[in-house]
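There are 2 protein chains.
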Amino acid sequence: MQRTDYGKMACSIARTLDVIGEPWSPLILRDVWVGFTRFEQLQADLGISRKVLTERLNHLVDQGVLERRPYDRRPRHEYVLTGKGTELVDLLMVMAGWGDKWLAGESGPPVLYRHHACGEISVVDLRCAHCGESMHANDIDILPGPGAAVR
Amino acid sequence: MQRTDYGKMACSIARTLDVIGEPWSPLILRDVWVGFTRFEQLQADLGISRKVLTERLNHLVDQGVLERRPYDRRPRHEYVLTGKGTELVDLLMVMAGWGDKWLAGESGPPVLYRHHACGEISVVDLRCAHCGESMHANDIDILPGPGAAVR
DNA sequence: CAGCATCAGTTCCCTCAGGGAACCCCGGTT
DNA sequence: AACCGGGGTTCCCTGAGGGAACTGATGCTG
Numbered sequence: 001m002q003r004t005d006y007g008k009m010a011c012s013i014a015r016t017l018d019v020i021g022e023p024w025s026p027l028i029l030r031d032v033w034v035g036f037t038r039f040e041q042l043q044a045d046l047g048i049s050r051k052v053l054t055e056r057l058n059h060l061v062d063q064g065v066l067e068r069r070p071y072d073r074r075p076r077h078e079y080v081l082t083g084k085g086t087e088l089v090d091l092l093m094v095m096a097g098w099g100d101k102w103l104a105g106e107s108g109p110p111v112l113y114r115h116h117a118c119g120e121i122s123v124v125d126l127r128c129a130h131c132g133e134s135m136h137a138n139d140i141d142i143l144p145g146p147g148a149a150v151r
Numbered sequence: 152m153q154r155t156d157y158g159k160m161a162c163s164i165a166r167t168l169d170v171i172g173e174p175w176s177p178l179i180l181r182d183v184w185v186g187f188t189r190f191e192q193l194q195a196d197l198g199i200s201r202k203v204l205t206e207r208l209n210h211l212v213d214q215g216v217l218e219r220r221p222y223d224r225r226p227r228h229e230y231v232l233t234g235k236g237t238e239l240v241d242l243l244m245v246m247a248g249w250g251d252k253w254l255a256g257e258s259g260p261p262v263l264y265r266h267h268a269c270g271e272i273s274v275v276d277l278r279c280a281h282c283g284e285s286m287h288a289n290d291i292d293i294l295p296g297p298g299a300a301v302r
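Protein sequence lines correspond, in order, to chains X and P. Take the first sequence: its position 62, counting from 1, is numbered 62 in my numbering, and each next residue is one higher. Take the second sequence: its position 139, counting from 1, is numbered 290 in my numbering, and each next residue is one higher.
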């Protein structure tokens, strides 16, 4: 949890930050996505404090982004992405794309993405869901929406 | 700065978090994007502590995401997005899109986006830059890239 | 069946980052 | 000369993150 509660703001960016804005949360999702699904695996891979990992996992489960699932008759669980969580991974892909472009340096990007549909190594691009043309920060106007008045 | 330094990890998500992963940074970028470009405006709109706002702005300028620009003969500046920063706004759009879908509730999204190209209210969609087909979390394989070995 | 290992946390303390308020500096205005 | 307003700085206090030790439930081993 942040000191300041973003969830109350009438802004979908702030609300999203309330779900995955704390330090570590995006990296936890990344790890779950690539197959580190258990507490010990996450802790070892990330080097995160166990206390904080517990807090983050509980929060992500509470928010419906991850699901806790037993995988043994012993009290053992793994964490898996829900549909809501899987769609957050899209955000991670865009984040990775920006980092690949601006921060990777000499040696190039640490991972590559192969698109199932065309079989090629590729990157994500943002398109308008309506017309299919490119849709970036300078290609849009912002208008107040129906939820604008809610505080 | 986080306690843990993400910038050292061989992961573009972690590196991106090193730039805008601290609390407030995405909201600062959002505000600059929509036109709150001055210290006092940002402080008033966000309700952020002045100390932290100073730190965040310096960090974002250091990272080449924002540019500090004088707008008066007095020592007054405004902050504007660089090219690098403008591309980060794409990330904010995806973040907002997710929040609109999963967190907006009854009253609907607080803001709408009108796409210049088609003039319609729309949302961003992720496509493969290579073939143009939909490209989401489950549509790709992850492979090690050239920068994978760097620690 | 005692002892040990493993996973998944929980508890403890310590440090340091965020919040809040007061203060400062600098140029311009009256 | 006194005041103002933008853009910070400085101070203290609280609370979140880090680290390491401890716990509890279950299964495996001798």
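Calculated from the structure, these hints are not laboratory results. Be a bit skeptical, because a hint or two may be false.
[Unchecked claim] Label-pair ranges, simulated between beta-carbon atoms:
#: 1; chain 1: P; residue 1: Pro-297; chain 2: X; residue 2: Asp-62; range: 35 to 41 Å
#: 2; chain 1: X; residue 1: Pro-144; chain 2: P; residue 2: Leu-294; range: 42 to 48 Å
#: 3; chain 1: X; residue 1: Gln-43; chain 2: P; residue 2: Arg-220; range: 17 to 23 Å
#: 4; chain 1: X; residue 1: Gly-132; chain 2: P; residue 2: Arg-225; range: 45 to 51 Å
#: 5; chain 1: P; residue 1: Lys-252; chain 2: X; residue 2: Pro-70; range: 26 to 32 Å
#: 6; chain 1: X; residue 1: Val-34; chain 2: P; residue 2: Gly-256; range: 42 to 48 Å
#: 7; chain 1: P; residue 1: Gln-192; chain 2: X; residue 2: Ala-44; range: 41 to 47 Å
Fair warning: this is a prediction, and the values are worked out from it, not measured in the lab. Backbone N, C-alpha and C define an ideal beta-carbon position, used for all residues, glycine too.
A quick look at each hint next to the structure:
1. Judged by the Cβ atoms, the range 35 to 41 Å given for P:Pro-297 and X:Asp-62 holds: they are separated by roughly 39 Å.
2. At roughly 43 Å, the beta-carbon separation of X:Pro-144 and P:Leu-294 lies within the given 42 to 48 Å, and the hint holds.
3. The given range of 17 to 23 Å is broken by X:Gln-43 and P:Arg-220, whose C-beta atoms sit roughly 44 Å from each other.
4. At roughly 48 Å, the beta carbons of X:Gly-132 and P:Arg-225 sit within the given window of 45 to 51 Å.
5. Separated by about 29 Å at the C-beta atoms, P:Lys-252 and X:Pro-70 satisfy the suggested range of 26 to 32 Å.
6. A hinted range of 42 to 48 Å is violated for the C-beta pair X:Val-34 and P:Gly-256, which are about 32 Å apart.
7. Checking the proposed 41 to 47 Å range against P:Gln-192 and X:Ala-44 shows it holds: the Cβ atoms sit about 44 Å from each other.
Of the hints listed earlier, those the structure fails to meet are numbers 3 and 6, in rising order.
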